[in-house]
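Chemist: This is what each chain is made of:
2 protein chains.
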Amino acid sequence: MATRQIKFGEIAGFEEGHFFEDRRAMNESSFHRHITPGIDGNGKEGTSAIVLSGGYTDDADYGDEIIYTGAGGNKNGKQVSDQTWEQPGNAGLLVSMNKGYPVRVIRGHKHKSDFSPQNGYIYGGLYSVVDAWEELGKEGFKICRFRLVYSGGKPGRKSAEDTELDYSKKDPKRRKGTVVRIVRDTKKAQQIKELYVYQCQVCGTTIKTKKGFYAEGAHIKPLGKPHNGDDSIDNLLCLCPNHHVMFDKGAFSIADDFNLIGVVGYLTVHSGHNIGSHNLKYHRECHGYEVTIE
Amino acid sequence: MATRQIKFGEIAGFEEGHFFEDRRAMNESSFHRHITPGIDGNGKEGTSAIVLSGGYTDDADYGDEIIYTGAGGNKNGKQVSDQTWEQPGNAGLLVSMNKGYPVRVIRGHKHKSDFSPQNGYIYGGLYSVVDAWEELGKEGFKICRFRLVYSGGKPGRKSAEDTELDYSKKDPKRRKGTVVRIVRDTKKAQQIKELYVYQCQVCGTTIKTKKGFYAEGAHIKPLGKPHNGDDSIDNLLCLCPNHHVMFDKGAFSIADDFNLIGVVGYLTVHSGHNIGSHNLKYHRECHGYEVTIE
Numbered sequence: 139m140a141t142r143q144i145k146f147g148e149i150a151g152f153e154e155g156h157f158f159e160d161r162r163a164m165n166e167s168s169f170h171r172h173i174t175p176g177i178d179g180n181g182k183e184g185t186s187a188i189v190l191s192g193g194y195t196d197d198a199d200y201g202d203e204i205i206y207t208g209a210g211g212n213k214n215g216k217q218v219s220d221q222t223w224e225q226p227g228n229a230g231l232l233v234s235m236n237k238g239y240p241v242r243v244i245r246g247h248k249h250k251s252d253f254s255p256q257n258g259y260i261y262g263g264l265y266s267v268v269d270a271w272e273e274l275g276k277e278g279f280k281i282c283r284f285r286l287v288y289s290g291g292k293p294g295r296k297s298a299e300d301t302e303l304d305y306s307k308k309d310p311k312r313r314k315g316t317v318v319r320i321v322r323d324t325k326k327a328q329q330i331k332e333l334y335v336y337q338c339q340v341c342g343t344t345i346k347t348k349k350g351f352y353a354e355g356a357h358i359k360p361l362g363k364p365h366n367g368d369d370s371i372d373n374l375l376c377l378c379p380n381h382h383v384m385f386d387k388g389a390f391s392i393a394d395d396f397n398l399i400g401v402v403g404y405l406t407v408h409s410g411h412n413i414g415s416h417n418l419k420y421h422r423e424c425h426g427y428e429v430t431i432e
Numbered sequence: 139m140a141t142r143q144i145k146f147g148e149i150a151g152f153e154e155g156h157f158f159e160d161r162r163a164m165n166e167s168s169f170h171r172h173i174t175p176g177i178d179g180n181g182k183e184g185t186s187a188i189v190l191s192g193g194y195t196d197d198a199d200y201g202d203e204i205i206y207t208g209a210g211g212n213k214n215g216k217q218v219s220d221q222t223w224e225q226p227g228n229a230g231l232l233v234s235m236n237k238g239y240p241v242r243v244i245r246g247h248k249h250k251s252d253f254s255p256q257n258g259y260i261y262g263g264l265y266s267v268v269d270a271w272e273e274l275g276k277e278g279f280k281i282c283r284f285r286l287v288y289s290g291g292k293p294g295r296k297s298a299e300d301t302e303l304d305y306s307k308k309d310p311k312r313r314k315g316t317v318v319r320i321v322r323d324t325k326k327a328q329q330i331k332e333l334y335v336y337q338c339q340v341c342g343t344t345i346k347t348k349k350g351f352y353a354e355g356a357h358i359k360p361l362g363k364p365h366n367g368d369d370s371i372d373n374l375l376c377l378c379p380n381h382h383v384m385f386d387k388g389a390f391s392i393a394d395d396f397n398l399i400g401v402v403g404y405l406t407v408h409s410g411h412n413i414g415s416h417n418l419k420y421h422r423e424c425h426g427y428e429v430t431i432e
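Residue numbers (the working numbering), protein chains in the order written: chain A, 139 to 432; chain B, 139 to 432.
You may find that some hints are simply not true.
What the hints assert, rightly or not - Below are the EDC-like pairs computed for lysine to aspartate or glutamate, each with C-alpha atoms no more than 20 Å apart in a straight line:
no., chain 1, residue 1, chain 2, residue 2
1, A, 213, A, 196
2, B, 348, A, 423
3, B, 359, A, 423
4, A, 314, B, 148
To be verified - Derived list of chain B stretches under chain A, where covered just means 3 residues or more per stretch with a C-beta under 8 Å from a C-beta of chain A:
no., region
5, 176-186
6, 293-302
It should be emphasised that the hints constitute simulated quantities derived from the structure, not laboratory data. As the structure is a prediction and not an experimental result, all values here were calculated from the model. Ideal placement from N, C-alpha and C gives every residue a C-beta, glycine not left out.
Take the sequences, apply the hints, and build the full model.
Modeler: What follows is the structure in structure tokens.
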């Protein structure tokens, strides 16, 4: 059915808020390549677009945050059997979650929310899949659930980071004293993780879950004040969460020849990965590993 | 000198914005127990209060975020030798960082910033120590540096979480597509980490850095929508970052008898730790480990 190539991200001519009269109007541009299925994607390439059309009674739409029910087991708006993670659209949403691909969200007139159009379809912008789990749906069958947050960057809308923090904003007591460790999943971080196939450059560990692989992009010279490191490949490593914390807190550092300092071992470095020696030097200095010439 | 007991957090009668005529006025209440040293604290108990008094040329004060220079090696406002992490005030700031203790920040009239008073001293509120590193100061000696963020919870001021996310707010390009993994360090999370002495309940690993121990408080039933789990001891585990990620992503779950499901092993549980079986059940259901009775 979908013989056109899958397209991720924004497509020229279709700004956020774009109105489509019907599903057919989304096909030619590959904005959404199907007429009936809600999810455009598969487990090989990922999922590029979803339509919220009121077919699933368990969906919840908060605007910048959407709890979305996956595909399968649904007949005329009623759940009649279990959903599976292997179903192509669901598998595609997992790929998009693990690889950080953006998903175009389209709301139809049959979808009941404060953000749905009276008729036709409206493009709601790019979202990131940030969580996936399963539960027993209202009709007694297993459903696959996804949490998506807006990540399109339109001024005036909340950023994905803002949405992630909303939890504590609503409760003043929670505001107080809560400190967070933040792991940012930027495009560059995704690149470095793919280069190393999610293997930690220190210990070789890959964290495998039922829903995909996990690793973290670790900035050598930290982002943010006062370090102001770059979000660039020459300032990134692919690490497991444990080595990421240890590296950030200076439990070890890295010499210019990639031998580790503070622990025994060496950093595995891909031939296509030019690590900035100025960044390594900065990290060594921050954590007391740089020998000053007396 | 400081024979009075150290006091952490807010002290009755001294609201944020409280004016002190001089350092002596802070002594009796243990608000700050010293007359000259800037840091009130030590490596055994932690640090409870600091005074910004313009003594260190490397300090930077952004209001809700402060880059603070530790104590030592300073004579009449000039750095004359290296600072060390063992110096009591500095060691105390590390303890406060690792244990999540709040630090009272007081700004003096000699401290030059947009937030300093014309005369006397003003209490700027509670801050959390979120980072520590060393660098070569402007005067050529090693200095210990700390990043503190406001965590007092006064309405209208930024929360610690907001400050941590500021990095991406200033650059619209960075807003787009960035998704974050957030590890919240709440008071309850600190309690659970102390109960287990920073040992992972799954693998027994303790992450040791030069500046202290590190573990994470993992919520069994997640915080935030749509799960709305509690930030309470019966919903928390002490895990290393790797097992925290694996648990959140459902790579394993936990049976009511604390045997692990999905991996071989069992959860170490302290006799004083009542884990809510409803929370464990919720986690198993979310990740397909709950056997439904047919």
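Chemist: Look at each hint and say if it fits the structure.
Modeler: Hint by hint, here is what the structure shows:
Using a Cα cut-off of 20 Å, the hinted pair residue 213 of chain A and residue 196 of chain A holds, with the two alpha carbons roughly 14 Å apart. A distance of roughly 14 Å separates the Cα atoms of residue 348 of chain B and residue 423 of chain A; the hinted pair therefore holds under the 20 Å criterion. Distance hint between residue 359 of chain B and residue 423 of chain A is unfulfilled; the C-alpha atoms sit about 40 Å from each other, more than 20 Å. Restraint check: the Cα-Cα separation between residue 314 of chain A and residue 148 of chain B comes to about 12 Å, which is no more than 20 Å; the hinted pair holds.
Counting residues of the region 176-186 of chain B whose C-beta sits closer than 8 Å to any C-beta of chain A gives 0, which falls short of three, so the coverage hint is violated. For the region 293-302 of chain B, the assignment as covered by chain A holds, since 6 residues bring a beta-carbon within under 8 Å of that chain's beta-carbons and 3 suffice.
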